[in-house]
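Chemist: From just these sequences and the hints, can you work out the full model?
2 protein chains.
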Amino acid sequence: MNYQEADGQYIWHPFTHLKFQTKNIVITKAKGLYLYTEDGRQIMDAVGSWWVNVHGHSHPYIAKQIKEQLNVMEHCIFSGFTHPPAIELAKHISEIVPVKEPKVFYSDNGSTSVEVAIKMALQYFYNQNQPYKNKIIAFKNAYHGDTFGGMSVAERNVFNNPFRKNLFPTYFLDVPKEENFSKVKRQLLRYVDKGNVAAFIFEPLVQGAAGMIMYNEKYLDELIFICQQNNILTIADEVFTGFGKTGKLFACDYLKNKPDIICLSKGLTGGFLPLGVTVVNKKIYDVFVDEDKTKTFYHGHSFTANPLMCRAAIANIELIRKNEFISTIKKIEMMHKEFADIVRHHILVKDVRYKGIILAVEIKTKDRTHYLNRLSTIIEKYFLERDILLRPLGNVLYVVPPVCIKKQEMKKIYSTILSFLNDLSTNNFS
Amino acid sequence: MNYQEADGQYIWHPFTHLKFQTKNIVITKAKGLYLYTEDGRQIMDAVGSWWVNVHGHSHPYIAKQIKEQLNVMEHCIFSGFTHPPAIELAKHISEIVPVKEPKVFYSDNGSTSVEVAIKMALQYFYNQNQPYKNKIIAFKNAYHGDTFGGMSVAERNVFNNPFRKNLFPTYFLDVPKEENFSKVKRQLLRYVDKGNVAAFIFEPLVQGAAGMIMYNEKYLDELIFICQQNNILTIADEVFTGFGKTGKLFACDYLKNKPDIICLSKGLTGGFLPLGVTVVNKKIYDVFVDEDKTKTFYHGHSFTANPLMCRAAIANIELIRKNEFISTIKKIEMMHKEFADIVRHHILVKDVRYKGIILAVEIKTKDRTHYLNRLSTIIEKYFLERDILLRPLGNVLYVVPPVCIKKQEMKKIYSTILSFLNDLSTNNFS
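These protein sequence lines map, in sequence, to chains A and B. Quick note on the working numbering: the first sequence kicks off at 1 and runs consecutively. Quick note on the working numbering: the second sequence kicks off at 1001 and runs consecutively.
These are calculated hints, taken from the structure and not from any lab test. Fair warning: this is a prediction, and the values are worked out from it, not measured in the lab. Please note that a few of the clues may not be correct.
As the list claims (entries may be wrong) - No more than 20 Å apart at the CA atoms, straight line, and that leaves these computed lysine to aspartate or glutamate pairs for DMTMM-like:
hint, chain 1, residue 1, chain 2, residue 2
1, B, LYS1381, A, GLU291
2, B, LYS1019, A, GLU101
3, A, LYS23, B, GLU1409
4, A, LYS293, B, GLU1155
5, B, LYS1100, A, GLU5
6, B, LYS1355, B, GLU1333
7, B, LYS1337, B, ASP1292
8, B, LYS1293, A, GLU380
9, B, LYS1100, B, GLU1088
10, B, LYS1023, A, GLU409
11, A, LYS19, B, ASP1292
12, A, LYS381, A, ASP39
13, B, LYS1067, B, ASP1039
14, A, LYS19, B, GLU1291
15, A, LYS331, A, GLU409
16, B, LYS1023, A, GLU88
Modeler: Right, here's the structure in full:
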């Protein structure tokens, strides 16, 4: 079989502009920081394959744990039944996640972990005879997944425009900054006054898909506090930020005021398999413990708490809980800082942001900063020709490497960013 | 760790009435037809763990294929890149699925495969400047998953009542029978006349969660034909019915008129791992091939086309394409028929239905036939005490065993159903 041709014949790829789809690169092996092609190329995966890969590809310890689970039990229905991998994982999560008296609800990916969170928040009030509390507050630019619930609480944009009529309405807050924070608080209080808000959902500290937009935890702390004072649940979508991305295990670890619900996926299995969890505090759980059967949370996926996925996640968290994990990220963050202090003076750089393992360089362009900015194609091609996989968000170039990346490899990325900016400033791509 | 206690402390189980949750049974091993408990019980899994298990638990061939993939590549971003497991699987699916010139779009589970189908149908018209075509037609009793899109095209019922205000409106058709079919056609034509319908979604031949409601393919053929004549896309949700459940590889294999889109999951990996695919015909794909970037289908999951899931699905389909697979199901269907002819005369039996591997017995009860019918708890307990896992839909008792089930094992289930009905008729549970 000619893989590349067969791929074009049979497959519709995600987020892909089909008209100008070049042939997709066939990857036959993945190990550590690298993806290996059929014809011998070795490509540095500097974005952790869409932010999922934590330790490096095909980590032997996680692979081993899945293999052992395959010898014992592949899957089992999770209603009325339970199993050691689900229980051990729930215990691990409960020990590290910043939610009080947590209960773990399993699903299959980031989108579904958000759908579950929204549904729990709505039913929390429904079960207490407050069905009118059915609105959600979200940040502008928000991205919370591609299913209808996730799209509904996201900024209306190119991602969801064709479905606009089929999304439920959401209230939007500006992303807080020093200069607008009193306005943001007024926006929030205006929504609170309506009396129909169930929950406030946010990507804590970093809005990923929006272009790695970062904001200070002190503002979020204050917004959460206002919600807590006004019987509005808070949902932290840590699908991207979880598992060390921001330099702590969870972005919410930077907060004084903890959310009621945290959504996790992506890094949860170390990047091996999809798995979603929605962690909620006891206050919410207790509202679903009722004699009335109609107050049950009627949500479930066939593969809820799949043992292979759970086993991968346990192995991942075991690796993450070792001391060197966060200290490695802190070392990389220091390198990001040093590089940021240099690159921010480049004539073509509009802004540089970094937090934990994440580094983002926003490039000046004639078009506005936007996902569809034509610069993304130019950046991607430039780096790929140099065997580095980036996936810019429009004119925002970013890296989210796995922790196995070495100093020399990080330096190669930095120097390629600089040479790209220089080539761009001398109009090499016009 | 005491697993059962830890389970109760940390985990919120799906579809579980928490108030009267008895301790969940801890399963430590699964093999063939059986689940094995910590304390040595051997429970017959007669519902394929929520209809996912096709060949029997922990099938060695599928396990082996996943292990080999674990040695090579666990995962890789699927935009701009591709890999042999995704390509081989797409080819396999294309060869067996009843869709013309198929394109395969990957996601993570049944719910997301439906979300993708609905979004493709809506954007198909949006891309052709017909954004007003944004309504979906579905059957009454329909179940299409628990995410907001899936819930929106489902009957409004106990599953989604708390979220009713946040679902988009859908048109509903009665399920066709001999006596109501001319009325159903009139309903459909009334919706067609509105001019705003994008698609008609249905579970072909068997509505699973509704209580294994079955209907004849000739009616569906005619409804699809009407849609085809009126520029309405048809979506077959084969998440449950796919992979042999109805006695052919797909329920749509019984149809003369093929749908534009088919959603698959559950049996797709043989019950090992979650994976969803949405298969569409070229007519739809072509509408997304456009110079205008905003006509792109901006949907994707981080683990889209995960190599481990794809490898499991390839192994599963290899097993399914062997001749004995369908003939085994046909043999079991014959046994179902013989048993149905006996049990339908029982005084407590309201209806018996079977198709392929599926057998459903609807039991007479004072309450109406309904998911919340209290009989479900009684049935489940009765069978579990006899080491058979059933999961009745209210007063509808059903089995969907894997094909590895032996004649003697099938007979044990039948005789237990009969003894249950007898005990029930002598009021043993009042």
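Chemist: Hints the structure violates: just list their numbers, smallest first.
Modeler: 3, 7, 10 and 13
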